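Top line first, the protein sequences correspond to chains A and B. Here the first sequence is numbered in my numbering, starting from 1 and rising by one per residue. Here the second sequence is numbered in my numbering, starting from 1 and rising by one per residue.
Derived by calculation from the structure, the hints in this document are not laboratory data. Honestly, I wouldn't trust all of these hints.
[Unchecked claim] Below, a sample of chain B positions facing chain A; criterion: calculated Cβ distance under 10 Å:
1. Pro11
2. Ala68
3. Leu72
4. Ile174
As the structure is a computational prediction, the values presented were derived from the model and not from experiment. Heads up, the beta-carbon is just placed ideally off N, CA and C, and yes, glycines get one too.
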Amino acid sequence: MRILGVTEDSRFLAGGRIAFIKLMKALAYAGNSVTVLSSTGATVGVVNPEPARTIRIDVPQARIIGPLLFVLKMFFYLPRQISQVEIILVNSGYTVYVVAVVGKLLRRKVVVLQHDVLGLDYLQSIASTTSRKYTSILRWITIYTPLKIVDGVLCISDSTMKRLRRMGYSGPAYVVGNVVG
Amino acid sequence: MRVISVSRLEPSKRPYDFLAVAQRVCQKRGPVEFIWVGDGTIKMKVVEAAKKMGLETVKFVGKLSEEAKDQLMRQSDVYVSTSESEGFALTIGEAFLAQLPVVVYDLPIYSEVYDDFPLKAKRFDVDEFSDKVVVALDRPDWLQARVTQAKRFVEQNYSYLSVGLRATKALNEILGLR
Numbered sequence: 001m002r003i004l005g006v007t008e009d010s011r012f013l014a015g016g017r018i019a020f021i022k023l024m025k026a027l028a029y030a031g032n033s034v035t036v037l038s039s040t041g042a043t044v045g046v047v048n049p050e051p052a053r054t055i056r057i058d059v060p061q062a063r064i065i066g067p068l069l070f071v072l073k074m075f076f077y078l079p080r081q082i083s084q085v086e087i088i089l090v091n092s093g094y095t096v097y098v099v100a101v102v103g104k105l106l107r108r109k110v111v112v113l114q115h116d117v118l119g120l121d122y123l124q125s126i127a128s129t130t131s132r133k134y135t136s137i138l139r140w141i142t143i144y145t146p147l148k149i150v151d152g153v154l155c156i157s158d159s160t161m162k163r164l165r166r167m168g169y170s171g172p173a174y175v176v177g178n179v180v181g
Numbered sequence: 001m002r003v004i005s006v007s008r009l010e011p012s013k014r015p016y017d018f019l020a021v022a023q024r025v026c027q028k029r030g031p032v033e034f035i036w037v038g039d040g041t042i043k044m045k046v047v048e049a050a051k052k053m054g055l056e057t058v059k060f061v062g063k064l065s066e067e068a069k070d071q072l073m074r075q076s077d078v079y080v081s082t083s084e085s086e087g088f089a090l091t092i093g094e095a096f097l098a099q100l101p102v103v104v105y106d107l108p109i110y111s112e113v114y115d116d117f118p119l120k121a122k123r124f125d126v127d128e129f130s131d132k133v134v135v136a137l138d139r140p141d142w143l144q145a146r147v148t149q150a151k152r153f154v155e156q157n158y159s160y161l162s163v164g165l166r167a168t169k170a171l172n173e174i175l176g177l178r
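Full structure from sequences and hints, please.
Right, here's the structure in full:
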């Protein structure tokens, strides 16, 4: 199977992004042809995705500008990459919307890797400044609303899948776990 | 002796319970080093609380590279997590790979992901949690078989190949190939 994996990255190291890259590496180990599309960021050099192929889009390591430029540049990269694969796996995050829409336009199945399922109240409680409270709302919307249009969800645990069901997601969902080590 | 925890310093990880456990364990069996790896939004408050409690053996080392974290894990005796919520608890798997006994609160996620291998204390009962940590520190031979089995369990279920095959099967089903 030819798979395109898409994940955001930033200057902050996040466990979910490392887990995603490890999953893509795992898919390549299982005999699939895998390409990872991401931005420059903290995971570079932390996890070696080989035998998966990697494309890093160069963006500034800044809080708003970085993600914004990544999304804009993805509109140029995605069509070419998507045309070469059968299925797209996108990491839970702000890229899900863009990937889901472009994937649907190009008639490819889009699947999301879901880590923890966090309620908006929790995201608000950990936001330390007013601007972070607003970005947490935006983040919640961009992560959870596109689940209505994707073709499936891979969950890291049964608990994640149950929380997702409680949130109202009724599409195909599978527990795959995480790579440890 | 050293007890380690790797997590973000956030309220859901209950770092104040970690301090309470450190206090009780040190009272019971003398100085034991307690190390927390990871940063978070409440780091300053937790560090301040540790100072007020006079916990000189508790250290917050911040975020470490994967290599430094793994090395510190291998040089520890017990892994603990006082978290009240987890999606997978990856670091517990890493602790098992480092052949450490693990003490956690009794959350469903741990049985789901790691079977019965972690030592579980009643939810948010720091006294019972501390007792389990003392057992893990004092009776490593008694736990050796359990830790060895846990390592094997993680290697079998969460290796690159096993996760890759599960994910491939799921993607094939979504594509309608199987």
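Going through the hints against the structure:
{"no.": "1", "hint": "Pro11", "verdict": "holds, 7 Å"}
{"no.": "2", "hint": "Ala68", "verdict": "violated, 12 Å"}
{"no.": "3", "hint": "Leu72", "verdict": "violated, 16 Å"}
{"no.": "4", "hint": "Ile174", "verdict": "holds, 4 Å"}
When the structure is compared with the earlier hints, violations turn up for hints 2, 3 and for no others.
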